[in-house]
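Student: Single-letter residue listing:
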Amino acid sequence: MEWFDAALPILAATLRLAVPLLLAALAGLFSERSGIVDVGLEGKMLVAAFFSAAGAAVTGSVWLGLGAGILASCALGLLHALACVTLRGSQVVSGMAINILASGLTATLALFWFRMGGQTPPLPSSARFLAITLPGVEALSGIPVLGRLYAALVSGQTALVYVTLALVPLAAFVLYRTRFGLRLRAAGEHPAAVDTAGLSVAGLRYAGVMIASVLCGMAGAYIATAQGAGFLREMTAGRGYIALAAMILGGWRPGRILLTCLLFAVLDAVAIRLQGVILPGIGAFPVQAIQALPYLLTVILLAGFMGRAIPPKASGEPYVKER
Amino acid sequence: MQPQDGAAPPAIELRGIDKRFGAVHANRAVDLTVHRGTIHGIIGENGAGKSTLMAILHGFYQADAGTILVNGRAATIRDSRDAIRLGIEMVHQHFMLVERFTVLENVMLGAEGGPLLARGAARARAAQKRPGAAHGGTGAPPPPPARARAELKRLGEAYGLSVDPDARIDELPVGAQQRVEILKALYRGAEVLILDEPTGVLTPQEADDLFRVLRALRDQGRTVLLITHKLREIMAITDRVSVMRAGQMVAHRETAATSPEELGELMIGRRLAAPAPRPAPQAGPVLLQAEGLSVRDAAGVERVKQVSLSLRGGEVLGIAGVAGNGQGELLEALAGMRAPSAGRIFLRGQQVFPGRGFNAAALRRQGLAHVPEDRLKSGLLRRQSAAACAILGHQDDPSWRRFGLLSPRAIAAHAARLMQAYDVRPPDPALRSGLFSGGNQQKLILGREIERDPAVLLVGQPTRGVDIGGIDSIHQRILACRAAGKAVLVVSVELDEILALADRIVVMFDGRIMGELTLAEADERRLGLMMAGMTREEAA
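If you're matching them up, the sequences are chains A and B in order.
Heads up, the first sequence is in our numbering, so the first residue is 7 and it goes up one at a time.
Heads up, the second sequence is in our numbering, so the first residue is 1288 and it goes up one at a time.
Next comes chain B alone, as it looks inside the complex (with noise of 0.2 Å):
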């Protein structure tokens, strides 16, 4: 495990790093060598403790024991001043990014070079391109320097993150904020870059420029830390691993010397049972339809625009795209949480939309239940306990009252039933659903939805922050309510689960769908591509 030269120190080093919050102990005596000029991978379930590990070293978070190395010196790392001083910068998840800001002054923030903002050369050009309100009077934005437009340009040159130095953030794609981001950190010296999660927002292509870019990092002599769950990155492109699980490091691996199945064994502990094969659906009735349906979002912005979808019963319908491209509204608008603008909406053959009463109750009660995107907004309630939510949106069954009144033990019977039978951990009904992990909260309202024996089951993000060892239970009740003839659809911005749960799948990208593929049509590329914007038939 020694790098060829022994005499370089490690760019980091970490020894025994500790940190607990509460009771939660995040970090147990982790250690880590990271080499200068590889991209070193570490891979965790979700709550592992790799982002805090990232935090602790990035200064947000200070450790309570343990020790920081830098190129073989030992540092003391209390903010984000200091890390940044040490030449270590981290892409967010969330971007670091002020939206209203052209790329340059988000570049420039916390390293202007001085306290005034010097007079640029592009400042007309600027100006010229976005006339209007946004820059009237004096709310030009500031000239900035010509140095820092020169040293943008180079280093967009140096590794292929050309951006324009002048377009708002919020103009700008999800793929090139992110490169805004990097360009930031190097920018402002980073010698080691830390990327969490940096794929969750991207298609496969975009992801795929991502590690271009990342090895002419690399190539150029600069250190990568890549936080990631998805073991495909992994063997991509790193040239280390180092696995943690549960708060600890559980081995450090060459890339080329391991595999995704001896990784994904360290990962959750044991070994992962090979997804059984599906049978054929059993397609039944059309049970859900909407025909040309658009829907606005709360500001007024038309997110779906124009779609049309039939589901039947027995079949999984799934529904792929990159984040933010109108699968969120769509699904809202199918569970009765928001009116469409226009089209019209059939469950059970039954048109509900236009129509009185079109509301997520009296869905409900046709026989349509929801799995929601957010579940912490709109899926149960933090502060109540898990027996408020094991009933929310029900709470009108009789089954449930006495006298008109809520019984509290009749309620927490019923969910002690529910938590037994979908294996929510721990089945302690009083607990405040804040409290349990993602994958339990998901199976506390997935069992909620599923006992109500639907005819419709529409279930957003059915895995988001839920372990490996959680995704699979979810998904084995996905595909039961499949088999018991109901009709469900998945909207998932993973395509990996798309291609898990789905018979058919349908690609969204700015609001419309650019085509439907059934399972055997569907691969990896094809979908990128239909994610990006491309037709079915362009992307074949």
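So here's chain A without its partners, still in its complex pose (with noise of 0.2 Å):
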């Protein structure tokens, strides 16, 4: 039972290192299938880190530090839908602008607002979402590996896994078997065909946007307060781009995009695993080889060796009635 426990803990960080990436890969998922590419995930991400843990700092309750990371990462991405969808300018250029942006104001906000050096003060545990029991852990153990599987895995995750891998499904459901799913995935497809059967290809991006910056800000706000406890500068760590890899790598599709990120979760899980770590006769394991796969998987996807990456055919163009 070595090797099992060995990698229980890996299977367990796995799953914890997934939820931002899985929140923001569905957030990117929504909003270019609307046909808005959104490369502003990583900003929108650390403005809710930020906002969520001064949120949580500030009112003790980290609820309404996630409201407050929600609300400020949909700002942001109503800022982007106006850049994007009313004034029609670069999807990229205002996603990269929403990036710099968030990088120097929550710095900046920290340091004015809590003179700590750029940080918000470290969240106590009331401030934070903790890991949930569930009910039946104690009468499992006794099974020699569901039991253990059960609770470490299953059990004693914090409330924002159980709701991030039920959103799966649901984004799958939303997508594919509803009314608003088809009229989003038809934007972003083929923006005249909505407009000329009486919908507002607008109304439809606003929506995808805004629905990905929800999914941002709970990305956030999961990075400061559950994984975390408070806001460092930096603190997504390029995880934003990561997510986009993600979803591309996942072909724009809910399902694939679980398991990729499943995929590179438990390759950062691995790595940090493996610092440090001397290898007879090559020294420190370059764990870096191993943190540079998700972005190579994904130039090797993206130049035709695994299949092809088709997204949305009018992702990135804004609409423009045209005769």
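There's no promise every hint is true.
SDA-like, lysine to any residue: derived pairs with alpha carbons at most 20 Å apart [what the hints assert, rightly or not]:
1) Lys319/A with Ala198/A
2) Lys327/A with Tyr1348/B
3) Lys319/A with Tyr182/A
4) Lys327/A with Gln1349/B
5) Lys327/A with Leu1663/B
6) Lys327/A with Leu1596/B
7) Lys327/A with Met1341/B
Partial list, computed: chain A residues near chain B (C-beta under 8 Å) [claimed, not checked]:
8) Arg94
9) Ser132
10) Arg134
Because the hints were derived from the structure by calculation, they are not lab data.
The model shown is predicted, which means the values in this text are computed figures rather than measured ones.
Even glycine gets a Cβ: it sits at the ideal position worked out from N, Cα and C.
Put the complex together from the two separate chains, hints included.
Tutor: As structure tokens, this is what we get:
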């Protein structure tokens, strides 16, 4: 059972690391399916991380912190939608602007409000998302493998983990089994068809961007108030970009996005585990090699070596009525 | 002009419709009356204002002035939603279909009948038909309501519009896609159906099928508005016809009481000269030859398959075919814009492919000129002046260089001369090329290419988007090249144009040449069958 003892913490870490990726990748999914490319996932997560930590620190309530994070992310989302949908600007430029803005804004506001070198005060346990112990852990503890899996993986996660996992089938249901989903996907594929069907392309795209903003808000709050205990500068550390990669590798489909996020997370968990491990004859294990894999896989996919990545046809293009 | 029973109000009545786009007066005080249960044609040259008028009726644009009456009642049409509510639907020239959706999903879009897409009976069948990646995991299409499926079946049977509801749009041929567009309109309850140049992408046989559907619609009391620039279609299918010219409605006629000659005259405001008989071709030496040429497009799909052809000086070879059957890629390969994947090309007896330096610039130096199919994409620079476009591709010519730099004065003088000679209007070299009309842009490009005195001239879609008046002068230029002993290759989707220019005609279908006909052997029926994939012998 030695391997099991080693694998269990890695699996548990995988789940925890997958959550912010999954939230952000689903955010990108809704935005891009409506036709708006969102490279601003990173920025929205960062702002949400700061405001959720600040909110939780000031009010003492992690739920109010979550609300503040979502609101902040939505404010940036509204800016993105205004620039991309209403003003028909470049979606990539707007997304990058949001990332740069978020990076500077969070550090400045943190310094100004808390005077702790750009951090928020460390959050006490009462102002964080804590692990929930599901019923039955005791009862199952007698069963050799299942009992410990249940205790370490199924039980003992924070509320946001359960919510996020439930979001995957929900996202699939919304996209493929509802009128809204049909229209949203049509807006990302052929907006003129949506327009001539008497529907509002702008309305659908705003909806897509705002759903993405709420999900980014949750992702940021998770990073600052569940995974961490307060805000640190640049604490999202490029996860918004990895989420974009997961979305592309997942072919813009919820189920496959779940799998790619788990894959990226397990790589990350293994890399953390192997940090400082000395290999005989090589020296310290090069964890950077593992950390680079998500990007490498995405590049290989985009280069056409692993089937084809087919994005929504009209994503990235502002909709302009034309003859 | 009144309907037989004066009591029924017309389905559509437009009064004094006026619309400006900046300096362009697209519609001037246009009146139009369309009676219920008729097929009403609107004919006019490109840019006459037909499409603008229909876009106003369909809610895409709003008129600056004027009133719209639907069934005798004044109506406000602010957007497509209003038009749909009034039963006015449009089949666009470029289909409004989501390619990755199924037929059923496209038909339901905007008329889903509830917030959830209920489970349908044929889900298992749809999944079974297309297993694999596209529908793995959560990617399955929504199980559509059985009601929509039943309605689609009923409409299909009633009007002869059968389409597999579970087929994805991008798997369907163009003719079937058009049927989906019509079905979509009928599903949403269209009483008035507007079709914008519907036959442009169809073979003659597919067009006949479409006309049968339109007649069935009329016979069941629906109203059809047909926008076209083809006189033949007006004569074949409409009950009444209105003629537009330069933004104005110039005449309304009963189709039975008019003639193509009269309509043509009304369209262009003067009498059309009958085409002059062409002298027999003076076939010279073979100047361009292709052997077993295969070409792949950017996505790696083989679009031209084993094509061989040869072109002699003093003749025009026409390449006919429905758009998208490989003609474009063949032309690009011959012009050096796209390297073939197999085969050989000889230009004036020299093998140029396979060979070092196979590119457009090198071929130009060896006496080849090319007027590309898509002039806005590869023919000129829309945001640059006419002068710049007049030397495009020949900017290395020392005659407009001073001290090794381009001389704006010399270029402008050259452009002015060219525009004079080729009747480009307005003859202003400083004007941005994108601001010229399609015909004048084409004359500028044609002039640029012919002025180089090439041995071989390749022309793609010579008169796409060009007015009738302009078509004639472009055709004259091409025939003059033939008379001068040049080898001319013309690719066109317009059969009339092929018949007006070519001495020999090859028909392409699915990347292959279905056969070659001389002008004397060619007639529309035979060409149409070959365009639909029959060989020369089968179509005889």
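Student: Which earlier hints can't be squared with this structure?
Tutor: 6, 8, 9 and 10
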